[in-house]
Amino acid sequence: SQTIHQWPATLVQPVGSPLSLECTVEGTSNPNLYWYRQAAGRGLQLLFYSVGIGQISSEVPQNLSASRPQDRQFILSSKKLLLSDSGFYLCAWRFHGDGEKLFFGSGTQLSVL
Amino acid sequence: QKEVEQDPGPLSVPEGAIVSLNCTYSNSAFQYFMWYRQYSRKGPELLMYTYSSGNKEDGRFTAQVDKSSKYISLFIRDSQPSDSATYLCAMSDTGGFKTIFGAGTRLFVKA
Chain X
1 SQTIHQWPAT
11 LVQPVGSPLS
21 LECTVEGTSN
31 PNLYWYRQAA
41 GRGLQLLFYS
51 VGIGQISSEV
61 PQNLSASRPQ
71 DRQFILSSKK
81 LLLSDSGFYL
91 CAWRFHGDGE
101 KLFFGSGTQL
111 SVL
Chain R
114 QKEVEQDPGP
124 LSVPEGAIVS
134 LNCTYSNSAF
144 QYFMWYRQYS
154 RKGPELLMYT
164 YSSGNKEDGR
174 FTAQVDKSSK
184 YISLFIRDSQ
194 PSDSATYLCA
204 MSDTGGFKTI
214 FGAGTRLFVK
224 A
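From first to last, the protein sequence lines stand for chains X and R. Residue numbers for the first sequence follow our numbering, beginning at 1 and rising by one. Residue numbers for the second sequence follow our numbering, beginning at 114 and rising by one.
These aren't lab readings, by the way, just hints derived from the structure by calculation. Just so it is clear, CB atoms sit at the ideal spot from N, CA and C, and this is done for glycine as well. Don't take every hint at face value.
[Said to hold, decoys possible] Quick list of simulated restraints, FRET-style, between CB atoms:
no., chain 1, residue 1, chain 2, residue 2, range
1, X, Ser67, R, Glu158, 20 to 28 Å
2, R, Pro127, X, Pro18, 47 to 55 Å
3, X, Pro8, R, Ala224, 17 to 25 Å
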């Protein structure tokens, strides 16, 4: 069976500090990978998606970047965090050719102070 | 106009009630329709999945899609306190890489 791991669960960072969130998927190969952000009481905003190693598409101009160094690894980064980067970050994956079902990780609650 | 509109609630019902959750959308290209359940501080979990129009039933849950009206619904029968969560509708077009989510409706089921 497939599983998705996302860490850390909670992170408190000062403004201007760097960020690295990691997500890995097990039990599948060549998945589509996604990073979403969810602000309090709001829906999910797509930040990045990737269809393969080294292939990143950005949906929203922002202070964040993403990388996919391995087939089942997806990393969200920032060089200098802003207060507005606070939120709940979710990694997700999807089978190729299995409709549009997304499967999410457990999320990272990021607070920038 | 947002692509997907969903009433954020909160919606509070007594245990055993029938719950109706709804979303409207504007993009006629959407073919895949999903409902996710999200408990506080957790990742969303896929609850119901429907392709094109029609109904789908799974236990106490029924999903309906009316493409002519661009309207989807989730019904929960015999609601339980454990159903208290945020319910997100989501949809996508064929071959697209992006899934669009509604804002989510917070549901409280009182014992």
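Here is what the structure says about each hint:
Under the hint 20 to 28 Å, the C-beta atoms of Ser67/X and Glu158/R, about 27 Å apart, fit the expected range. At about 49 Å, the CB distance of Pro127/R to Pro18/X agrees with the hint of 47 to 55 Å. Take Pro8/X and Ala224/R: their Cβ atoms lie about 34 Å apart, and the range 17 to 25 Å is violated.
Hint 3 alone, counting from the list given before, is not met by this structure.
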